[in-house]
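Novice: Each chain, written out:
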Amino acid sequence: EPEVTQTPSHQVTQMGQEVILRCVPISNHLYFYWYRQILGQKVEFLVSFYNNEISEKSEIFDDQFSVERPDGSNFTLKIRSTKLEDSAMYFCASSPDSYPNYGYTFGSGTRLTVV
Amino acid sequence: ELKVEQNPLFLSMQEGKNYTIYCNYSTTSDRLYWYRQDPGKSLESLFVLLSNGAVKQEGRLMASLDTKARLSTLHITAAVHDLSATYFCAVDMGFGNEKLTFGTGTRLTIIP
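Line by line, the protein sequences give chains U and F. -19 is the number of the first residue of the first sequence in our numbering; add one for each residue after it. 92 is the number of the first residue of the second sequence in our numbering; add one for each residue after it.
A few of these clues could be false.
Below, a list of computed lysine-lysine pairs in the DSSO-like style, where the Cα atoms sit at most 30 Å apart [stated by the list, open to error]: (1) Lys63/U with Lys22/U; (2) Lys37/U with Lys94/F; (3) Lys58/U with Lys108/F; (4) Lys159/F with Lys37/U; (5) Lys159/F with Lys63/U; (6) Lys37/U with Lys22/U; (7) Lys37/U with Lys58/U; (8) Lys108/F with Lys132/F.
Simulated from the structure, these hints should not be mistaken for laboratory data.
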């Protein structure tokens, strides 16, 4: 079964450093998303991406965050200057179309720890 | 702003018992998903409910959707230990609003 792949699985970074989280969505999917989950809390939407541009972003997705699809397969989330409160699990997801009948496929996540 | 609430937040039940998790949402939507999450793991899709009255079953789990009441239920029949996990419902607002709004989650613990 096709998977969404995320790397790294765990990243520890110092406050103020830049991090890039990487995702390889399912190959024929066109819509891409990032969500985050602070430990013990619910999953929150960050951003959606289609046709090489952001479709929607949440209030969490401020100027410190950016997304990019640098080639035909990768989808990245960059946090420019990490804060302690950015510590969370970050999930990438993809779907073949908007409002998909078969749902969204989530990756295994990257646990980001900011120290 | 769409709000999605689940109850209970925590559920501890004995093996063999039945129980229901409720998911209420505040804005009209006819599409709802249920996910399972094991500790430290990703979100595993359980059910996609696409319309009012939709009912889906897989093993000991059954999910339903009532869009008029803005309510979905996840029913567990004769619980077994393997079902211990956190369960999330998530609402999809549809075209032009392509994202999921997740519920608060229900942490289910099955006691032998």
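Novice: Evaluate each hint against the coordinates.
Specialist: Hint check results:
Distance restraint check for Lys63/U and Lys22/U: the Cα-Cα separation of roughly 20 Å lies within the 30 Å cut-off, and the hinted pair is therefore satisfied. For the hint pairing Lys37/U with Lys94/F, the CA-to-CA distance comes to about 17 Å; that is within 30 Å, so the pair holds. Under the criterion of a C-alpha separation no larger than 30 Å, the hint pairing Lys58/U with Lys108/F is inconsistent with the structure, at around 46 Å. Proximity of Lys159/F to Lys37/U is assessed by CA-CA distance (about 28 Å); at most 30 Å being required, the pair is judged to hold.
Among the hinted pairs, Lys159/F with Lys63/U is inconsistent with the structure: their alpha-carbon atoms are about 42 Å apart, more than 30 Å. Between the alpha carbons of Lys37/U and Lys22/U the distance comes to roughly 17 Å, so the proposed pair stays at or under 30 Å and holds. A distance of roughly 14 Å separates the Cα atoms of Lys37/U and Lys58/U; the hinted pair therefore holds under the 30 Å criterion. Between Lys108/F and Lys132/F, the direct Cα distance comes to roughly 26 Å. Compliance with the 30 Å bound is thereby established for this hinted pair.
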